[in-house]
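S.K.: Since each chain comes alone in its own frame, lean on the hints to assemble the complex.
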Amino acid sequence: MAKSRLYRILSRIIDIKSGEEIIASLLFLYFFFIMFPYYIIKPYRDAKYLYEMGSRELPYAYLSTAIIVGIFVAFYSRLQARISRNVLIISSLVLFTLTCLLSWKLFRNRELTWMPLAFWVWANLVIVVLGTQFWILVNDVFNPREAKRLIGFFGSGGLLGGIFGALLTGVVGKRHPEILLLIASGLMLFSIFIVNFIFIWQRKKNPSIDKIIDKDKEGGSKPEKVGFIDSFNTIRKNRYLALLAVVVILTFMVATFIDYQSKTVIDIKVKRIDEYTEIFGYFHALLLVLPFLVSIFMTSTIIKRFGIRLTLMLFPLILLLCSGGIFVAPIFILAIAIKTSDKTLSFSLNQFVRELLYIPISPELKYKAKVFIDMFLNRFAKGLGALMLMIFLLPIFRGEERPDALIEVNALDRSSLTEKTEVLKKPDILKKTEGSPLTDESEAIDRRIRRVKIVSGFSLFFILIWIFFNLKVSKEYTRTVKNKLTIKWDRADRMVAEKLDVDYTKLVFDTIESRNRSSILYAMHIFDLIKQDKLTPEVKKLISYKSDEVKVSSLRGLFESGEIALLPETDEIISEDVLEKEIGEIMSLDVYQEVMKSYVENALRDESMESETARMEVAKAIGLMESESPLAEKLGELLWDESPEVSKYALESAAKLRKKEYVPALIKKLFNPITREDASVALEKYGDRVIGALSDYLSDRDEDIELRKGTASVLARIGTQDAGDCLMWELEEGKGEIDTELIDALDRIRSEKPGVQFREDIVETKILREIKKYCLTFIKHFGTKSKRKKAEMTKGLPEELNVSLMNVFKLFGFIYLREDIMRAYQNIQVGTKDSVDYAIELLDNTLKKEMREIVIPLMEDLALDERVKRCRNCLKDFSRPNRKNA
Amino acid sequence: MEINAREKEDIVIFDIEGEIRRSDISDITLHQLVKDQLDSGKRNILLNFQNVEFIDSFGVGEILASYISTNNLGGKLKIAKISKKLYLVFQVTMLTKVLEIFDDEEVALDSFDKE
Chain E
-12 MAKSRLYRIL SRIIDIKSGE EIIASLLFLY FFFIMFPYYI IKPYRDAKYL YEMGSRELPY
48 AYLSTAIIVG IFVAFYSRLQ ARISRNVLII SSLVLFTLTC LLSWKLFRNR ELTWMPLAFW
108 VWANLVIVVL GTQFWILVND VFNPREAKRL IGFFGSGGLL GGIFGALLTG VVGKRHPEIL
168 LLIASGLMLF SIFIVNFIFI WQRKKNPSID KIIDKDKEGG SKPEKVGFID SFNTIRKNRY
228 LALLAVVVIL TFMVATFIDY QSKTVIDIKV KRIDEYTEIF GYFHALLLVL PFLVSIFMTS
288 TIIKRFGIRL TLMLFPLILL LCSGGIFVAP IFILAIAIKT SDKTLSFSLN QFVRELLYIP
348 ISPELKYKAK VFIDMFLNRF AKGLGALMLM IFLLPIFRGE ERPDALIEVN ALDRSSLTEK
408 TEVLKKPDIL KKTEGSPLTD ESEAIDRRIR RVKIVSGFSL FFILIWIFFN LKVSKEYTRT
468 VKNKLTIKWD RADRMVAEKL DVDYTKLVFD TIESRNRSSI LYAMHIFDLI KQDKLTPEVK
528 KLISYKSDEV KVSSLRGLFE SGEIALLPET DEIISEDVLE KEIGEIMSLD VYQEVMKSYV
588 ENALRDESME SETARMEVAK AIGLMESESP LAEKLGELLW DESPEVSKYA LESAAKLRKK
648 EYVPALIKKL FNPITREDAS VALEKYGDRV IGALSDYLSD RDEDIELRKG TASVLARIGT
708 QDAGDCLMWE LEEGKGEIDT ELIDALDRIR SEKPGVQFRE DIVETKILRE IKKYCLTFIK
768 HFGTKSKRKK AEMTKGLPEE LNVSLMNVFK LFGFIYLRED IMRAYQNIQV GTKDSVDYAI
828 ELLDNTLKKE MREIVIPLME DLALDERVKR CRNCLKDFSR PNRKNA
Chain G
176 MEINAREKED IVIFDIEGEI RRSDISDITL HQLVKDQLDS GKRNILLNFQ NVEFIDSFGV
236 GEILASYIST NNLGGKLKIA KISKKLYLVF QVTMLTKVLE IFDDEEVALD SFDKE
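Residue numbers (the numbering used here), protein chains in the order written: chain E, -12 to 873; chain G, 176 to 290.
Chain G extracted, bound-state conformation (with noise of 0.2 angstroms):
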């Protein structure tokens, strides 16, 4: 898995590649990455799953501790372009109910101007 951050006003966007597994982890975590900019001061996160194949429950156990760790100090954190396959299970899980999901990174970063 290859995580890069790029930023586009205020807000911070990790463009995931590959599957985030818990067999896939080199040295840092998505959790500890989206950590680090809270610490800097960032508060809306997006995360690209342009190239996110399929995820594990680690996978899911990082998103959510993103989102936790965002949303406990009043930022917010999304997920855009995700694929149909794992939007659906997404759906089936629920996960829908909490992650705010968005086909296209332009809407996405628009909602964040909205609120």
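Chain E with its partners taken away, still in its complex shape (with noise of 0.2 angstroms):
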């Protein structure tokens, strides 16, 4: 695919794959064009606000909003139950521009002493619906990896246009402030025709998605339940929309206090309002960019290299180490560093793993979730975290000083050049409390810092539950990845195990075979049967019959046939007892021994074509025998008969005798693939007792190689732990020579036992192994510059490869969950383009710092040359010193 010029522009920039430039660049300019005009908007409410009601209103503003706002979200949950998302999103964005513009002319018409507050609201609104829809737009539009990478640079859009609309503010609100608002409606208008651009995309790349979403909109006979207590519902109903809420509630609280911390400690050191001026106009500019830079060159950075779950952590654990310092020490310094630390990072990485965490969600759930807990949750923890800090801090205000402090920051905590300009225009709100009851200064100042203090205990209070609750979602985000991934596949050995009884199935088709045999074969195949308990009526008719003459269509027919059978009528002289009984007394008398010992000897001397009938009836009777009984002692002599059917008899007695001196032959018999399957079946009848000499063969160079995997096939039937640990030597030890065998009989041991364990730095350094060798075949395939080995690469990777591959993913399924490895793996190989980056995106939650840093870059969806490329600085990584040993 050519690549254009935007990608290799912002290829210089972010880590974006050809084809996602357009989008990404839509989403950057949609995100632009609604924090621009918002942080035209924002000042504007506070400036109008403050100078026409007085910040002592502020309480009331707050009240309408959460009421509106709560209003609001009932009835926009059942619009957008009702009508497609496209149509949602544009006309919001008309009747925004259109209230805007309506609000400019109300407020030119000075008699309308309501508007602040309804400006207010309505500038609350605006954020709030704008913003809920540009990140479900997000979620519509990515998976995981895809956002991953994305996610800074469309998130910078939205702080460039912040940073525009306050310096715009700035310059032009000094002089025309009444044209403000016509600029922002002017630039909604912008943001309408981008959106309508990123419909255009969806369409042409999914053509399906009207269907679907129409079909979404249509649902079953029943209307679909929307609103406000619906919506709570299903945040209670689901753990994982419950633990997203229950982080939001936390972030926004801990929010509060900081800023409550690090404006009280400014308080504490800033004496004059020039100094503030100084402080805040310097501070505020920094708190802009600084946001910006971050989510632009490094949020990506940092969510690739550290995943979900400790990039969740970064945050709270930047403001637990702030408020720790600040509870310990309360410094300018400090409260500098957790208000820098709070506005950088909430804007620039928080809220931007938050939003990741939706994107699994299935949209149903998502959307309905995300509109209760963006519009309505976080403003309600925001109201809650301020009545927890009236009540943290009632006791001190009690009969001393008002608790205007709450007041005054919430005045000060403006991001615009302008807003403060405005606020600092009205001295009244900054000024230190005069008149109050403390004259003593320095009392005041201890009262302070005691106030901090208390808030800085509960706020490391907090921050620890948020922790928690963090590590909680984010575990609960990786099983919300897995259950987008299916299972395709699964050991088939454990399957046909389950379903099958083998040995039965074996055994009725011997005893079918024998029928036109030997009559002596077919009576012992059937004393079998009865022994087993598994001569029912089905197989006592079909194994009546000549296997030539089974000519009936149907089970049923067959029974209806009336047909003589030849099976005698067991079921009056036969009870299984005591013919078991019956049979081994005889078989273990002396007399018998002595007359059969001739018989036996004859048979294996002759080497005629009867004998071989002979030999097989003897080698299934000595099965019968007592284990001491000299006849026994002929076995060994009947497994190394070149007829396969009589060792198959013999290998089969041997199962059933498990005398020590048979367990060389048996192994022996694993070289030939005709008898390596009964002979496999024997020697796991043995278990425990055959390992060490099974690990023998399976250690020895010299020996054959299939029978060295033979035994490592036996090996994992056997599945003990000190089979896998026998295994597990052989493959730290050996020369690579049979370790797709040896990886393979592990994991059916895995899959089959998932209570045996494994060395995990044996299986690290081979998983480091592996990863080489898939590297270096890569490499060997197509490294080169010829056409022809390139052109291969579109008939899929060459078998080695897919080898390799599938070993590094048992491998890995030894020391982490199998299933979930499995699941990984099934869906990088035969999944969609979205089942795969659901995959990595498993992967990267799932594995160790180390181990994902060499494996997922090798399984992303990459273009050939790039793919050689990583293969070539996976194995530059091989040879730093802690990977020496790979």
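Read the hints as simulated data drawn from the structure, not as lab findings.
Be careful, since some hints might not be right.
Selected chain E positions facing chain G (in silico; Cβ < 10 angstroms) [stated by the list, open to error]:
| no. | residue |
| --- | --- |
| 1 | 488 |
| 2 | 489 |
| 3 | 500 |
| 4 | 623 |
| 5 | 627 |
| 6 | 786 |
| 7 | 787 |
| 8 | 790 |
| 9 | 793 |
Below 27 angstroms or equal to it, Euclidean Cα-Cα: the simulated DSS-like pairs (lysine-lysine) are [claimed, not checked]:
| no. | chain 1 | residue 1 | chain 2 | residue 2 |
| --- | --- | --- | --- | --- |
| 10 | E | 760 | E | 863 |
| 11 | E | 521 | G | 272 |
| 12 | G | 251 | E | 486 |
| 13 | E | 696 | G | 259 |
| 14 | G | 272 | E | 475 |
| 15 | E | 655 | G | 210 |
| 16 | G | 210 | E | 486 |
Note that the coordinates shown come from a computational prediction; the quantities given were computed from them, not determined experimentally.
Glycine is no exception: its CB is placed at the ideal position from the N, C-alpha and C atoms.
M.R.: Here is the structure:
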């Protein structure tokens, strides 16, 4: 695919893939044109309100906003369920553009005293609705992997819009404040066009999207419940959403505490109003630029490098440190540090990671929950935070000083220079509390320090709870990502073992087969069936017919055919216990052993075809004897019989008698593909007793490789911890020639016996070796500039690469939850683009950092050249000291 | 026993003729043939049993081993045109619970596409 100029420019600053440049740029612009007007509207709102109503009236504004937003969430949820997302977003933008114009018109009429309050509420609705809609659109467009790479970029669009908005307000607001709203509505108009382009892009990429959306809206026969209560219940009933809601509440509550801490400490330090102006002037400018720089240059890198979990921890941990510092020593520099961290990271990192958490949620839950959380819950949390502050500080305030610090804090918390100017025009807000009963300044400072310490203490407590819930939500995020991936297949050996009694199946086939060959063998097989309590009426009927006589079309037809059964009437004469006892007694008689000895010797000497049947009979009969009986000694000879049929019965009997001296012969039989399966079954029956012998053959480099592979398979069938240890030991010590078989054998044990543990250090070393092998093979095949070789890529990866990759994942399954690893592997192998991305996301949240850094770059959907480059980089990494063992 | 392989739209079809018995194996087993195809990257295998008269326990082992090897790699192994008498034995021994068996080769081939 030809790479566009836009891609080439963007790829220099962000991790973008070809084809993503248009949508990423559109989203950047969309966010830019939402935040640009908002940062004009916001200071205008504050200035108008504070100037015309005064700061004392702020609680009314907060309260009105909370009530109106609450009502609006209910209304918006209903609307969202009824009309398509595209229509909803565009009509919201049109509505806000028109109402912005209307506000400009109404503000010209100075008699409308209610206007500042109405505008305050309206401005809050603007950011709530437009912000939520933007993030919902991001959720629609990207999967977690894409969003992780690009969120820093298009998120920075909003922050840049904020900077532009604030600067423009500062410049224009001084001379022509009346035109600010006109500019804002003009800018919103741009966002309508941009969002329309986004929908066109979506339709091009996914033509069925409209149908899907329409289908969503039509739903089933029963109309979907929507509304405030329903949204609340949706969150309450879903563990992940509930955790997300708790995290949002804690985030905003802590933000309120942090705000109070920083501003009170600054308040203690700063004595004069011009000092405020100087500090906050620079400070606010810094707080606008820093998040933008972090967002565009660092956010995606941090998320990619540390993953969702650690990135979620980063922000509260920094706040924890600063808050702890303020608790110990409430000094000015810590106040600046905490405020800077808060403002910088909450916009550029914490909010973006939180938005990523919504992506794996199913759309129907996501839209309900997101509207409720973003529009209502975060405001509720802010209010709750403020209420808690009042409660914490009430004992100190009581009878001493009015709690105006809270109001001062809110008045100062404006992120535009203009607003600052507006606020500073009203010295009554910022003046120290003149006429306060406290005349002693040092006493007042002490009291403020006490306040800060109390709030810092509570802040530390809530940050710790926040960290705890961040951990919980990140774990739940991994589970949610996992649920997006389906298991495509499971190990078939386990499934066959669960669904089928293989020994019985083979016995039935052998019984039918023996019917044509020998009545003695046939009788012995029937005896086996009786012993296993498997001689059901169906089987009895089936084996009654010679194999070539079974011509009926169905089982039912067979049973009704009325042909004469050749099976003896066993029901009448056989009681299985009696029969087994009698046969055992006969066979253990000395005289029987004596008489049969010469017969057996004759059969062994005779090499004619007729004798083959006799040897088969003898081999089978020995399995019915005691292991100490003299004839059992003859089994060793029969095990080496040239006839595979004789050998088969001898192996079967060896499995029953389980004598030590048969073991070498049984292991040698693993070499021959005809006897391998029977020998494996026989050795498996020995269990742990045979592991030592198998281990000797497994590690013997001079032994035939097929035989060694066979021993690995038998150890997997035995499947005990000792068998696993033996395989693991060989995996560590071996030269790699049977690694695939060893890894498969261990994987079988892992899938059937999850309790068996493997040594992590050996597994990790082996993973690194396999990855190295994978990279070398990849470069060998595709590292050349040969067009022919490159063309081979279209035919898929060479099988050795597939095997290598499969080995890597099986190895991961030994030290991580196998089910998760296999889910990821299978979806990477055969999934859709989204499934592949979700699979990588699952790995990103499951593997340890050092493994993640090596594996994930190799898994991502990349162009051939880029993949070769990554393989080369990966090999370079292996030369690092800590990876030398690979 | 004779086994011939042919390919149809990425599906390898093994036409088996005779009886799958341990005494009839000369040089290479069915399982080995299937593994060779898996090693070359094929993942869909169809065993055409039209000319299979009977199988013994070794044959059952070979089919199951082939099935396991194919499925463990995410592939599919199916059987077509099995004789009625064999199908009967497969039913009684519950092999039909594990193996997908089709009367018609075309239907069997189509079933790979649907998955």
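S.K.: Hint by hint, work out which the structure violates, then give me just those numbers in ascending order.
M.R.: Of the numbered hints given earlier, those the structure breaks are 4, 5 and 13, listed in rising order.
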